[in-house]
Amino acid sequence: MNGMSLIVKKITQLMAGIIFLYGVYVMLHGHLTPGGGFAGGTIVAGSFILLIVANGIRVFGLHREEQLSSAVESIAILVFLLLATAGLLTGAMWFFQNYMPHGTPGNLVSAGLIPVYNLVVGTEVAAALLTIFLGFVIYKAED
Amino acid sequence: MEEALLFILIIMLAGALYALYAKDLLSAVVSYGIVGFALVIAFLLLQAPDLAIVQVVVETISLVIMISVLIISTREDLQETPVAKIKGASYIQFRHMMYVAAALVITGLFLYFFVASTAMLPAFGEHQTRMATEYVQHGAEKTGAINLVTGIVFDFRGYDTLGEATVLFTAVIGVLAMLRLVGKKEEL
Chain A
1 MNGMSLIVKK ITQLMAGIIF LYGVYVMLHG HLTPGGGFAG GTIVAGSFIL
51 LIVANGIRVF GLHREEQLSS AVESIAILVF LLLATAGLLT GAMWFFQNYM
101 PHGTPGNLVS AGLIPVYNLV VGTEVAAALL TIFLGFVIYK AED
Chain B
1 MEEALLFILI IMLAGALYAL YAKDLLSAVV SYGIVGFALV IAFLLLQAPD
51 LAIVQVVVET ISLVIMISVL IISTREDLQE TPVAKIKGAS YIQFRHMMYV
101 AAALVITGLF LYFFVASTAM LPAFGEHQTR MATEYVQHGA EKTGAINLVT
151 GIVFDFRGYD TLGEATVLFT AVIGVLAMLR LVGKKEEL
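Order-wise, the sequence lines are chains A and B.
Mapping of the first sequence onto this note's numbering: position 137 corresponds to residue 137, and the numbering continues sequentially without gaps.
Mapping of the second sequence onto this note's numbering: position 139 corresponds to residue 139, and the numbering continues sequentially without gaps.
Bear in mind the hints are in silico, worked out from the structure with no lab data behind them.
This one's a predicted model, so the numbers in the text were calculated from it and none came from an experiment.
Beta carbons: idealized from backbone N, C-alpha and C, even for Gly.
Some hints could be false.
As the list claims (entries may be wrong) - Covered by chain B, per the in silico footprint, the following chain A stretches (three or more residues, Cβ under 8 Å): (1) 27–33; (2) 39–52; (3) 127–137.
Construct the complete structure from the given sequences, taking the supplied hints into account.
See below:
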């Protein structure tokens, strides 16, 4: 796979950043509008996959990329677990205790830990899907 | 609205059945996509935008992954395995009839229990669950999140979300372990 035509490559380069930002928007506004960590993370992974599909699999250093996304995925789920466990140390002492101040509902910074959970889960989902895709692509490239 | 849902359900069934009986894998994957995208419309009709967004992006990404895996891994079509004709046609016909009879008996059994259990459920569109009512009425003030679905998923039902994330993590580990990327070849 050597990538597609020049038009497809250029349009993809223009679009991928916007798609990435839209994914981050969906993640960050998960507690205000429909969406959230899973949807936003999948959109972010989609922007990377779009770039790889359009530009061909030999352009990037895919091995390093795959190791990086695998590490990011593992760290993200670890942070998620630690944030949830930290609820045991504070206040009412239960798992998944929302211990940060809630703020006024409707603001971007509100709902305590929920936006943080959204961001962490979004990172985890994006890195996981990207790792699976890169795994198959590298498997083909090494044949 | 139930008519529209029924129509979408029929389209989904047709897509799933075609995916089963398609001659080559690519058209099977594409017709499998019909099921996913019809499910998106069903979620939108049932007023669940959160689920619809997740479903549409996950369906697209999984279709891309499946098609790319299909294209780069194999180009062979499904081959019909020829039926063995060593033991005579009558024996095969008898076995075929046994299969059909067993399928009919099991279908009847499942249908009986399905009807018996759906009679106990509340009618379509009515919910009588106490927990859901509590969530809907006091969820926003308890979690501080305006989007109730996210409030429930990440606050009341945090365990489930952790489980989902763990399932994804396990899936990635499984894929990487099966492909054996590490230690297979160093250079690239």
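Compare the structure with the hints numbered earlier in the document and write down the numbers of the violated ones, lowest to highest.
Hints that this structure does not satisfy do not exist here, as all of them hold.
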